[in-house]
Structure formats: C-alpha cells, structure tokens
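Student: Here is what each chain is made of, one letter per residue.
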Amino acid sequence: MNEPPSRMERSYLRVLVVWVLVLIALYAFQQYFS
Amino acid sequence: MHPVDWTIIAIYLVWIVWDGIRLTKRSHELEGYFLGGRSLPWWAVGLSVMATQLSAITMIGTTGQGYADGMRFLQYYYALPLAMIVLSVTLVPFFHTARVYTAYEYLERRFDVKTRACTSLLFLLSRSMGLGVVISAPAIVLSVVLGLSVTNTVLLTALPTAVYTMFGGVQAVAWTDVKQMVLIVFGLLAAVVVLMLGLPEQVSVADALRIAGHTGRLQTFDFRFDLTDQYTFWSGTIAALFLFCSYFGTDQSQVQRYLTTPTVDEARDSLLMSAYWKIPLQALVLLVGVLLFLFYVFQPSPMLFNPVHERAVRQGPRADQYAAVERRFHEADTARRDAAITLATAQGAGDPARLAIAEQRFKAAERTLRSTRAEAVALVRDTTGDRTYNDVNYVFPTFIMTHMPIGLVGLVIAAIFAAAMSTISGELSALSTATIIDFYRRFVRQEASDRHFLLVSRVATGFWGIFASLVAIWAAELGSLIEVVNRFGSFFYGSILGVFILAIAAPRATGNGAFVGLLAGMASVAAVAALTPLAFLWHNVVGAVVVVVVGVIVSAVDPSHSRKTM
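Sequences listed follow chains A and B, in order.
So for the first sequence, our numbering puts the first residue at 1; every next one is plus one.
So for the second sequence, our numbering puts the first residue at 1; every next one is plus one.
Be a bit skeptical, because a hint or two may be false.
What the hints assert, rightly or not - In silico contact screen, one side only, chain A against chain B (beta carbon under 8 Å); selected entries:
| # | residue |
| --- | --- |
| 1 | SER11 |
| 2 | VAL17 |
| 3 | VAL18 |
| 4 | PHE29 |
| 5 | PHE33 |
| 6 | SER34 |
Claimed, not checked - A short list of chain B residues far from chain A (calculated; beta carbon distances all over 10 Å):
| # | residue |
| --- | --- |
| 7 | PRO41 |
| 8 | GLY61 |
| 9 | PRO81 |
| 10 | LEU155 |
| 11 | LEU159 |
| 12 | ALA190 |
| 13 | LEU209 |
| 14 | ARG268 |
| 15 | ALA275 |
| 16 | PRO280 |
| 17 | VAL392 |
| 18 | ARG458 |
What the hints contain is simulated information worked out from the structure, not anything from laboratory work.
From the three backbone atoms N, C-alpha and C, an ideal C-beta is built for every residue, glycine too.
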C-alpha cells in the first residue's frame, strides 16, 4: 500500500493549486477589464 | 513637507535603530550573530525573505513601471512558486543538514576550496556593487522630493541600517524586516485607497480599470515566444525559474535567512510563504502604478515628474519652446480627461457603437498626450545632456508629496525607507558573513574566540556599510551606468546555480570540473550578452546549462577524480 503524503508534500501540492488559481484569476482579471 | 510628516519619518528612523540594537543581547556568539542561534520562527523568516526582496526600487521603480507600461512585468514572477518548491526539495535540506553558515561553505565540502572561494568572491563583488545601486536609486529620488542632497539621503538610509545590523546581527535584520514589511504593505494599501478616492464621483473603480484595460495596462499574460523580451509568459516561467532558483538557492542574502530556522521543514515553510504571497504582492505594487495612471487621467497631470530637470529646462535656452510644448500638453491632458469620462459613461450605456467611438477618441487623446510628453522629454535630454532621462521613478513620490494627506505622507515615505533598509540590512549581514566565514576564518585565522570573531564580523558589517554608501554616492553620478552595475550580478547568477546543480545532481562531478564549468559559464554569458539580443533573464539559463555540461565533461576526463560526497 502507498505511504500517505507527508506534511511537506501536501504543502507543495497546496502551493501548486494556489499558484494555478492565482494565474487563472489574473487571466480572468485581464480578460474582464480589457 | 509638513512638520508632522518629518516627525513621523524621524520617529520611524529612531525607533527602527533602537528596536534593532536592543536585540544585541542575543548576539554574543557567532552562531547567534549570523544565524540567530538557528531558532527563529518560520513566519518571521518568511516575512524577512520577502522584505529583503522588496526593495525601495520596487516601491518607486515598479510603481513607475506600472504607471508607464502596466502589469506586464508581473509575468517575471510567475515561476517563483515553482522555484520555491524545487529549492525546498533540493538545496534547502543539503544546506540545513550540513550546518553551514554560508551556501559557499557547502561547496568546499562537496568540491574544493577554490570553488568555494571563487563563488563567494563573485557574491561579494556583485552584491556589494549591487547594494550601492539599491541604496542609490531611491536616494536620488528621495533627495529630489525631500529637498535634501543625495549624500544626505544615502546616509539617512544606510547609516541607521548599518548600525542596527552591526550590533544586532541577523536577529535584528529578521525582526526589523518583519516590522518593515508590515509598514510597506500598509503604505501600499494606503496609496491604493487614496488613489481610488481620487477618481471622479461618476467613475467607478471598475470603469476606471476598464479604461486602463483599453490602454493595455492590465495585460498580465503575453504568450509570444520572444527570446528578446523578458516580460512574456515563457520568459517568466522558464528563464525566471533559473533566476529564482539561483537567487533564493545560492545567494547568501537569502540562504542565510532560512538557515536561521530550527528545522528543515521550517526553512521550507519560510520559503513557501513567498510562493504564496510574492505574486499577489507584486500585483499590488503594479496595481498602484496602474491606479496612478488612472489618477492622472482624471486629475491634472504634470508634464514631467522630475522637478530638478524641469527647472533646468525652464531656465535654459529653450525655455520658450518648453512653454509652448507645455501649453499643448495641458490641452491634450484636458482632452484626454474629457475622452476618459465619455468612455466611462459609454461603458455603462450598453451601446457597442457608442463605446467603440468613445474608445477610439480616448486612444487618440492618449496618443497625442504621449507624443507631447515625448517632445518635453526630448527637450530635457537636449538641455541637460542626460540622454537616458526617464522620470517614471518620480511618479509615485510626486503623488505622495502632492496628493496624500498630512500624516500619510510621512508614513508612506517611511515605508519607502523601510523597503530600502530591509534590503540593505539583509545584504550587509550576508556580505559580512561571507567575508568572515569564507575568507577570514578560512584563510586568516581559523581558531579564535567567539568574541574575536564577533568583533571582526561587526567591523566587516560596518566596512560594507561604508563601502556600499560610497558606491551609492558614486553611482548617483553615473546616470545610465547604474544599469550596467545593476546587471553585473545577473552575469553570475546562472553560472553559480550551475555549480550547485553539479554539487547535488552530478555525483561524479569533481572540484576541477565545477571550477572550469563556472569559468566557462561566465564566459558564455559574457559572450551571449555582447553578441546576441537575448533578454537578460535567459542569460541565467545559458550560464547554468553551460556550467553543468562543461562541468560533467571536464569531471569525466579529470585525472584527479577528487570527488567528495556530503
């Protein structure tokens, strides 16, 4: 059985998710106001 | 400036020195002085890392860039969260478990003393010169807006910082950074509120932002693959990844900070704070610039923002010509304001034909205004002989001095000082650490009491403070050469990253391989910079790749095979 992800692995995943969401938000901001 | 604002600035400067110096009591041994006894909390280190990176140049220059060019520059930071994850997985655990003081110390354990000395020397050279520019650029602007000499603003910024860094060490740096970061964010948010309140009643913030959008200033994505433009999505995600891995992973000013945490995971957490907040914070800084543009669309705009140069032209032989340009500028400014209000009204009317006409009219008015301002800039260049005259760095300070309320002026100017000081203190501490650990304790005196090493460390901090101040005063005279000095460091970043990649990812790499690779990397970057139009962000990729390729090849044929492992 696979090991559950460590605390740091979960942190990295969270950073990646937030990063993608921030980029999407910025793109939406650009498109909405242009 | 009102006496209340001068008082606020004076209170800030005295308080920050007192606050830094009172931490001296915790810095009686070398590990306490340089690494805070490896006991600082991750959140304070994270804020300190961000404060070091956010300099006064960011507050003044980046807001100016937002005013003139919009938010394109944000793309430069898109790779930063990825770089933080890469570093947390790779270099951070190596540094932490090696219990080193400097990043370069690790290279001697892995390779040899010449690789350590060479990389540390490159850091000292590039950082000390770069620090001069970090002090000089805001000092020039502040000297104009505060009516002080450049020497005085340099000393006002650098002297208090050198004092608390000398006595308090890295603990003073980190804890003052935390407070300075709070002041910086407060200053930026205060500016945003005042700028929004400055819009006309009939124009909402959303309407105003749409007007900025019509000028292209809200473009945050440019998917063109153009290697000569550093503000594209690809430059910001590929080339900047190398820059940020190098800056946060191999630059002593950053590495030293996360070596102050008790555990590897706390060091990682401190870096990940930047991963979350750097892009939004940079967006806020650029948004201030965009709002400045909008503010001056709806309020009368100065033709030029640097009063010293403007005065020089008014009193020069082409004063009449300047007055004529100024008359046309004010007409164009009024026409643009009318067109902007018409456009804002048309945006809410839901009539596409009317909106298209209003948009065309606004864009035409904006073009006229820009070309008139360009004529004024050309007159300044001809009159003063300053061929690189550019006053975007004066836009935000001009707004602060002329449109912010009493009290907030002092706080926001104090925030600009805070941004400068938080960067200077981190750099001074790092320069002192590299000088003492990589050179003095390595080559001059290996055994001595902590008291002795503390004394020479404080002397080294003071020396670098004086050296950087002198460079800053000299840089103020250089004009366009400042840019050259500023880019000096970017010649080495990629190559130094390449050496660290060899250290942790190429088990067969030798000291000779790393050293020859480093020289080859720097030579390649110099050649690429001189012979090609490649944007300087990509130099980091060139440097790192050449070091790794040459390092691996030379290591394979190196007869010494003097490989060490960590």
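Student: Does each hint hold? Answer for all of them.
Tutor: Now the hints, each set against the structure:
A least Cβ separation of about 6 Å between SER11 of chain A and chain B falls short of the 8 Å threshold, and the interface hint therefore holds. Taking 8 Å as the C-beta cut-off, the interface hint given for VAL17 of chain A is violated, the closest approach to chain B being about 10 Å. Given the 8 Å rule on beta carbons, the hint for VAL18 of chain A holds: about 6 Å separates it from the nearest Cβ of chain B. The criterion of a C-beta within 8 Å of any C-beta in chain B is met by PHE29 of chain A, whose closest approach is roughly 7 Å, and the hint holds.
Proximity of PHE33 of chain A to chain B holds as hinted, the smallest CB-CB distance being about 4 Å (cut-off 8 Å). Hint on SER34 of chain A holds. Least Cβ distance to chain B is approximately 4 Å, under the 8 Å limit. Non-interface status of PRO41 of chain B relative to chain A is upheld: no Cβ of that chain comes within 10 Å, the nearest being about 16 Å off. Taking the minimum C-beta to C-beta distance to chain A, about 21 Å, the non-interface status of GLY61 of chain B holds against the 10 Å cut.
Distance to chain A contradicts PRO81 of chain B as a non-interface residue, since its nearest Cβ pair spans about 4 Å, not more than 10 Å. LEU155 of chain B, annotated as away from the interface, keeps every beta carbon of chain A farther than 10 Å; the closest lies near 40 Å. Look at LEU159 of chain B: its CB is around 39 Å from the nearest CB on chain A, clear of 10 Å, so calling it non-interface holds up. Under the 10 Å C-beta cut-off, the non-interface status given to ALA190 of chain B relative to chain A holds; the minimum distance is some 22 Å.
Once the 10 Å rule is applied to beta carbons, LEU209 of chain B is inconsistent with being away from chain A; the minimum gap is 5 Å. In this structure ARG268 of chain B is not separated from chain A by more than 10 Å, as the shortest Cβ-Cβ distance comes to only about 6 Å. Here ALA275 of chain B does not stay apart from chain A, with its beta-carbon only about 5 Å from theirs, under the 10 Å limit. At roughly 7 Å, the least C-beta separation between PRO280 of chain B and chain A is not larger than 10 Å, which violates its mark as non-interface.
In this structure VAL392 of chain B is separated from chain A by more than 10 Å, as the shortest Cβ-Cβ distance comes to about 22 Å. Taking the minimum C-beta to C-beta distance to chain A, about 37 Å, the non-interface status of ARG458 of chain B holds against the 10 Å cut.
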